[in-house]
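Colleague: Spelled out, the chains give:
Protein chains: 4
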Amino acid sequence: MLACIKQAAAIVNCELGLLDKAIKDVIVKACEDIRAGKLHEQFVVDVIQGGAGTSTNMNANEVIANLALEHMGHKRGEYQYLHPNEHVNMSQSTNDVYSTALKVATYFGIFRLVDAMAVLRRAFETKADEFSDVLKMGRTQLQDAVPMTLGQEFSAYAVMLGEDEERLKEAAMLICEINLGATAIGTGINAHPEYAGFVCRRLADIAGIPLVTAPNLVEATQDCGAFVQLSGVLKRVAVKLSKTCNDLRLLSSGPRAGLGEINLPPMQAGSSIMPGKVNPVIPEVVNQTTPG
Amino acid sequence: MLACIKQAAAIVNCELGLLDKAIKDVIVKACEDIRAGKLHEQFVVDVIQGGAGTSTNMNANEVIANLALEHMGHKRGEYQYLHPNEHVNMSQSTNDVYSTALKVATYFGIFRLVDAMAVLRRAFETKADEFSDVLKMGRTQLQDAVPMTLGQEFSAYAVMLGEDEERLKEAAMLICEINLGATAIGTGINAHPEYAGFVCRRLADIAGIPLVTAPNLVEATQDCGAFVQLSGVLKRVAVKLSKTCNDLRLLSSGPRAGLGEINLPPMQAGSSIMPGKVNPVIPEVVNQTTPG
Amino acid sequence: MLACIKQAAAIVNCELGLLDKAIKDVIVKACEDIRAGKLHEQFVVDVIQGGAGTSTNMNANEVIANLALEHMGHKRGEYQYLHPNEHVNMSQSTNDVYSTALKVATYFGIFRLVDAMAVLRRAFETKADEFSDVLKMGRTQLQDAVPMTLGQEFSAYAVMLGEDEERLKEAAMLICEINLGATAIGTGINAHPEYAGFVCRRLADIAGIPLVTAPNLVEATQDCGAFVQLSGVLKRVAVKLSKTCNDLRLLSSGPRAGLGEINLPPMQAGSSIMPGKVNPVIPEVVNQTTPG
Amino acid sequence: MLACIKQAAAIVNCELGLLDKAIKDVIVKACEDIRAGKLHEQFVVDVIQGGAGTSTNMNANEVIANLALEHMGHKRGEYQYLHPNEHVNMSQSTNDVYSTALKVATYFGIFRLVDAMAVLRRAFETKADEFSDVLKMGRTQLQDAVPMTLGQEFSAYAVMLGEDEERLKEAAMLICEINLGATAIGTGINAHPEYAGFVCRRLADIAGIPLVTAPNLVEATQDCGAFVQLSGVLKRVAVKLSKTCNDLRLLSSGPRAGLGEINLPPMQAGSSIMPGKVNPVIPEVVNQTTPG
Chain A
1 MLACIKQAAA
11 IVNCELGLLD
21 KAIKDVIVKA
31 CEDIRAGKLH
41 EQFVVDVIQG
51 GAGTSTNMNA
61 NEVIANLALE
71 HMGHKRGEYQ
81 YLHPNEHVNM
91 SQSTNDVYST
101 ALKVATYFGI
111 FRLVDAMAVL
121 RRAFETKADE
131 FSDVLKMGRT
141 QLQDAVPMTL
151 GQEFSAYAVM
161 LGEDEERLKE
171 AAMLICEINL
181 GATAIGTGIN
191 AHPEYAGFVC
201 RRLADIAGIP
211 LVTAPNLVEA
221 TQDCGAFVQL
231 SGVLKRVAVK
241 LSKTCNDLRL
251 LSSGPRAGLG
261 EINLPPMQAG
271 SSIMPGKVNP
281 VIPEVVNQTT
291 PG
Chain B
1 MLACIKQAAA
11 IVNCELGLLD
21 KAIKDVIVKA
31 CEDIRAGKLH
41 EQFVVDVIQG
51 GAGTSTNMNA
61 NEVIANLALE
71 HMGHKRGEYQ
81 YLHPNEHVNM
91 SQSTNDVYST
101 ALKVATYFGI
111 FRLVDAMAVL
121 RRAFETKADE
131 FSDVLKMGRT
141 QLQDAVPMTL
151 GQEFSAYAVM
161 LGEDEERLKE
171 AAMLICEINL
181 GATAIGTGIN
191 AHPEYAGFVC
201 RRLADIAGIP
211 LVTAPNLVEA
221 TQDCGAFVQL
231 SGVLKRVAVK
241 LSKTCNDLRL
251 LSSGPRAGLG
261 EINLPPMQAG
271 SSIMPGKVNP
281 VIPEVVNQTT
291 PG
Chain C
1 MLACIKQAAA
11 IVNCELGLLD
21 KAIKDVIVKA
31 CEDIRAGKLH
41 EQFVVDVIQG
51 GAGTSTNMNA
61 NEVIANLALE
71 HMGHKRGEYQ
81 YLHPNEHVNM
91 SQSTNDVYST
101 ALKVATYFGI
111 FRLVDAMAVL
121 RRAFETKADE
131 FSDVLKMGRT
141 QLQDAVPMTL
151 GQEFSAYAVM
161 LGEDEERLKE
171 AAMLICEINL
181 GATAIGTGIN
191 AHPEYAGFVC
201 RRLADIAGIP
211 LVTAPNLVEA
221 TQDCGAFVQL
231 SGVLKRVAVK
241 LSKTCNDLRL
251 LSSGPRAGLG
261 EINLPPMQAG
271 SSIMPGKVNP
281 VIPEVVNQTT
291 PG
Chain D
1 MLACIKQAAA
11 IVNCELGLLD
21 KAIKDVIVKA
31 CEDIRAGKLH
41 EQFVVDVIQG
51 GAGTSTNMNA
61 NEVIANLALE
71 HMGHKRGEYQ
81 YLHPNEHVNM
91 SQSTNDVYST
101 ALKVATYFGI
111 FRLVDAMAVL
121 RRAFETKADE
131 FSDVLKMGRT
141 QLQDAVPMTL
151 GQEFSAYAVM
161 LGEDEERLKE
171 AAMLICEINL
181 GATAIGTGIN
191 AHPEYAGFVC
201 RRLADIAGIP
211 LVTAPNLVEA
221 TQDCGAFVQL
231 SGVLKRVAVK
241 LSKTCNDLRL
251 LSSGPRAGLG
261 EINLPPMQAG
271 SSIMPGKVNP
281 VIPEVVNQTT
291 PG
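Protein chains in written order, with the working numbering: chain A, 1 to 292; chain B, 1 to 292; chain C, 1 to 292; chain D, 1 to 292.
One thing to keep in mind: the hints can contain errors.
Chain copies aren't distinguished; within one or between two, either way the pair holds.
In silico lysine-lysine, DSS-like type, Cα no more than 30 angstroms apart, as pairs [said to hold, decoys possible]:
| id | residue 1 | residue 2 |
| --- | --- | --- |
| 1 | 136 | 243 |
| 2 | 235 | 169 |
| 3 | 169 | 243 |
| 4 | 75 | 38 |
| 5 | 235 | 29 |
| 6 | 127 | 75 |
Simulated from the structure, these hints should not be mistaken for laboratory data. Predicted, not measured: the structure shown is a model, and the values here were computed from it.
Working from the sequences, and respecting the hints, build out all of it.
Modeller: Right, dumping it as structure tokens:
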């Protein structure tokens with residue numbers, strides 16, 4: 001994602017007359033190489049690092065600079081022609097670049113999750129149709145209560161997931177507000193007054209995401225609200241998936257001394273001591289990965 | 001809040017021809033008495049209780065029934081004329097009544113918080129204007145970085161709060177989806193088919209809240225998603241308030257061996273051993289009440 | 001608990017020749033009055049307060065001073081004879097007094113919990129004997145596995161509780177290490193060199209607890225390790241009680257469409273819509289009060 | 001760790017007359033191969049799995065069986081001579097083998113942490129000596145309070161760590177209580193009555209750890225108390241390390257507009273926009289990895 005940002009920044013810096021076209025062209029070419037999957041082995045910095053991500057940003061600046069130098073016909077390290085800080089990082093600071101890259105990556109991650117949830121939701125919808133005539137005991141507080149169908153039960157699981165897909169899409173919209181152009185602390189020091197607006201539109205085009213610039217860049221540079229909100233929505237998804245999996249485990253308990261209302265397909269070859277046993281391993285994995 | 005629901009239910013049950021007008025009238029009168037603040041000492045059930053809130057719901061049914069009996073000229077306990085379960089709780093179950101009451105109460109609670117946050121936001125905005133010319137060191141990672149104004153710093157606090165007011169209002173809208181009419185498990189057993197829609201509109205009028213009936217009542221009866229989402233938004237508010245208070249404590253550190261950029265007004269009479277000392281007690285209280 | 005500390009401090013200050021015997025005597029008498037339950041209505045400070053507890057400490061100093069003044073035959077507020085800071089708070093700071101009071105109170109709280117757990121443990125032991133011949137299906141992962149007795153199941157609950165009683169007693173021993181005599185930051189400023197050792201032994205006598213002075217008072221004044229450790233042990237107790245209650249709810253599910261292996265005694269009058277229903281309300285309350 | 005257990009089980013099964021010496025010998029040889037680091041690429045099961053770890057246990061049984069078959073001169077898969085379940089897993093269940101392996105691994109992990117903490121503690125002790133004459137302002141609630149030395153401050157950090165080393169060693173002792181011999185649910189089904197005691201002593205020898213068999217194996221098979229307790233102690237370590245790192249960041253703030261009492265060595269080449277800047281990156285990494 002950093003390569004998208006470096007590419008957008010170089011183009012806008014050139015448009016604003018701050019960067020030579022020749023240098024812009026080789027930076028763009030280098031960024032496109034990285035986005036195509038090349039040179040990933042050159043990103044050697046651990047994801048857990050102190051500071052604001054400076055090491056990762058500098059790692060990207062240096063890889064891009066050296067690759068661009070090679071495209072110019074120079075040797076790696078001949079920074080007098082194209083410099084990691086002066087040219088690749090122009091108009092930028094770790095404090096706006098890194099958080100913007102994180103938001104772009106998060107946006108794509110959210111939609112991968114939404115797509116997976118839709119697959120599961122449709123599977124529950126199919127089961128809801130299949131079980132629409134299966135009458136069963138409805139329970140409250142684990143005690144027998146009043147009748148319902150097994151289809152109603154599976155339909156509820158589908159509806160729960162569908163609602164959470166909507167909530168995730170809303171959270172994705174909040175993630176689209178970026179502070180690119182804020183530079184170090186939000187005052188835009190070292191950047192052209194027009195830069196923030198231009199680079200946001202350019203990055204939105206490159207990444208294919210509806211990005212907007214935050215109205216107050218000082219605030220946006222110290223604000224992690226969109227991530228806390230997303231965390232809350234992910235907790236919501238986890239709580240409901242976990243509840244559904246608890247139900248599936250209860251409903252499939254048995255075969256003789258349990259509720260025995262559904263059969264889960266066997267996914268794992270038995271127990272080491274009781275080879276015929278079928279365990280609800282998929283719901284158990286989900287329960288293990290969802291917080292309390 | 002339960003009294004609002006019991007009142008709405010009685011009116012709708014009467015409209016649907018299920019409840020005598022005379023009984024409806026005394027139930028409504030009893031509910032209005034309770035909503036006016038009478039008889040709160042009769043609600044004796046602890047808020048921590050097993051089950052789904054059955055004890056609280058039955059407590060309300062019985063208080064309302066006995067009060068209504070007195071309005072009819074009967075003695076308390078003469079349930080042959082008006083019964084807590086049969087008349088006051090008609091078309092209802094704890095499982096829809098209690099969660100709806102909780103949502104109505106939560107809605108009002110959210111807006112009390114939003115109002116308090118707006119007061120604080122305006123105070124920060126005033127300080128932002130007052131300090132708009134005070135130049136200071138901007139810091140990143142607690143290290144000296146580049147200049148900014150103290151006004152920009154306070155403006156950021158105001159903007160943070162303003163955004164969270166918007167998020168809370170969105171969370172309040174999700175809280176407005178109720179399962180009233182679902183009865184025990186969402187199948188609407190014991191309730192008239194028209195009841196759910198009618199009672200939602202009636203309750204919305206009485207409470208003055210834009211309530212809507214959930215599209216799938218089985219799902220809505222087992223879904224706590226709106227509360228988890230609200231919890232996430234409250235966490236967001238808490239994280240940002242806590243960050244702001246940490247800043248206020250750092251900026252007011254000193255007077256001689258600290259940053260000493262602002263002075264907080266003294267709110268507490270000193271230390272027991274160093275009587276002249278001023279502690280940042282208000283930010284500290286906020287930090288104590290916000291989770292990590 | 002603060003009154004115990006103020007009493008111990010006054011006695012030691014007098015022994016060290018820092019406080020007149022007459023003033024010591026009335027402070028001791030006032031502290032004994034408070035410990036006997038008098039004047040609790042004079043402690044008006046909210047438990048949530050900024051700072052280190054200064055307001056609560058000053059509240060105690062002032063109540064004791066005024067009560068002592070009355071014992072001397074003076075009027076309240078005639079601090080020229082006996083002063084809240086100079087005499088009652090002598091050799092003390094909020095930073096050692098408040099944390100020591102908290103530890104003494106916590107020690108007693110731990111043993112109230114241990115006693116309650118022993119009652120529950122003995123009840124499980126009785127049931128284990130009673131059910132020692134009841135053969136049942138043992139389950140793993142909610143699936144039928146191999147046979148066991150219901151007595152073995154209840155015996156496990158008893159053993160779990162017994163182990164946690166031991167862990168709580170160990171945590172109580174860590175709580176007994178206090179920083180009294182550290183004063184403001186652990187350097188013992190404003191206190192006699194012998195004070196810390198003397199006052200610890202005196203307070204141990206008064207409170208009846210095996211208190212010891214921390215070896216490094218600077219460290220002890222900023223260390224909350226014993227409380228974090230206790231929190232971990234309480235989490236352990238909560239996790240196991242919650243697991244036991246989940247088991248009780250599962251085993252009592254039914255009566256027809258559940259496991260139905262045990263019957264819990266009815267504790268609450270039914271459901272509002274299904275009056276004959278028995279809910280596992282006591283286990284549910286425990287589950288509600290235990291964190292995830 | 002599973003290989004240690006399989007080795008101990010084979011030896012004890014042979015001693016009890018349940019397993020041929022020839023088969024025991026090749027199982028032991030296969031286990032020693034694995035413990036020497038061979039064949040790690042054959043353990044292909046993801047650590048996140050449903051069930052109780054059955055897949056991992058079966059993975060181990062099969063790798064050991066096939067390796068032992070090769071040592072016998074047979075081909076892989078000729079299970080008629082030596083079977084993964086019947087011989088390698090004899091007297092065992094995933095439910096005792098897996099949790100015992102986890103405890104043995106945790107024991108070694110605890111002591112790796114204790115060793116690392118001792119290195120850090122000694123570094124703080126060295127600094128405490130070096131700074132024993134550096135007078136500085138002591139602070140409470142970030143406000144100037146009374147004098148102390150920088151050496152006292154670093155000494156406190158060392159003492160904190162030393163105490164936590166002791167707590168970790170206590171938690172390690174609780175981890176040493178294992179349920180090996182419990183088999184599926186703690187009743188020891190499929191195992192010889194003498195097996196549990198024998199295999200514990202044998203495993204203690206092989207692993208070099210003071211293991212003991214839990215007094216009640218039904219309880220021990222469903223009890224995770226030692227892990228919850230350890231989690232509490234690790235939280236204690238994390239809270240204190242995090243507090244120490246917060247102090248280091250505050251004390252090194254500046255250079256001009258901060259407290260500036262200490263200088264941390266530069267560990268990272270500057271900021272991308274302010275190349276001369278030194279960030280407290282090591283304390284920041286620690287703070288990032290410690291929970292709130």
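Colleague: Each hint should be assessed against the structure and marked as holding or not.
Modeller: Now the hints, each set against the structure:
For a Cα distance limit of 30 angstroms, the shortest separation of residue 136 from residue 243 qualifies both inside one copy, at 19 angstroms, and across copies, at 28 angstroms. Taking the shortest Cα distances, residue 235 and residue 169 sit within 30 angstroms of each other both inside one copy (15 angstroms) and across copies (20 angstroms). For the homomeric pair residue 169 and residue 243, the shortest alpha-carbon distances inside one copy (22 angstroms) and between copies (27 angstroms) are both at most 30 angstroms. Within a single copy, residue 75 and residue 38 get their C-alpha atoms as close as 19 angstroms, which meets the 30 angstroms cut-off; across copies the closest is 44 angstroms, which misses it.
In this assembly of identical chains, the alpha carbons of residue 235 and residue 29 never lie at most 30 angstroms apart, being 40 angstroms within a copy and 43 angstroms across copies at closest. Taking the shortest alpha-carbon separations for residue 127 and residue 75, neither the intra-copy value of 62 angstroms nor the inter-copy value of 46 angstroms comes in at or below 30 angstroms.
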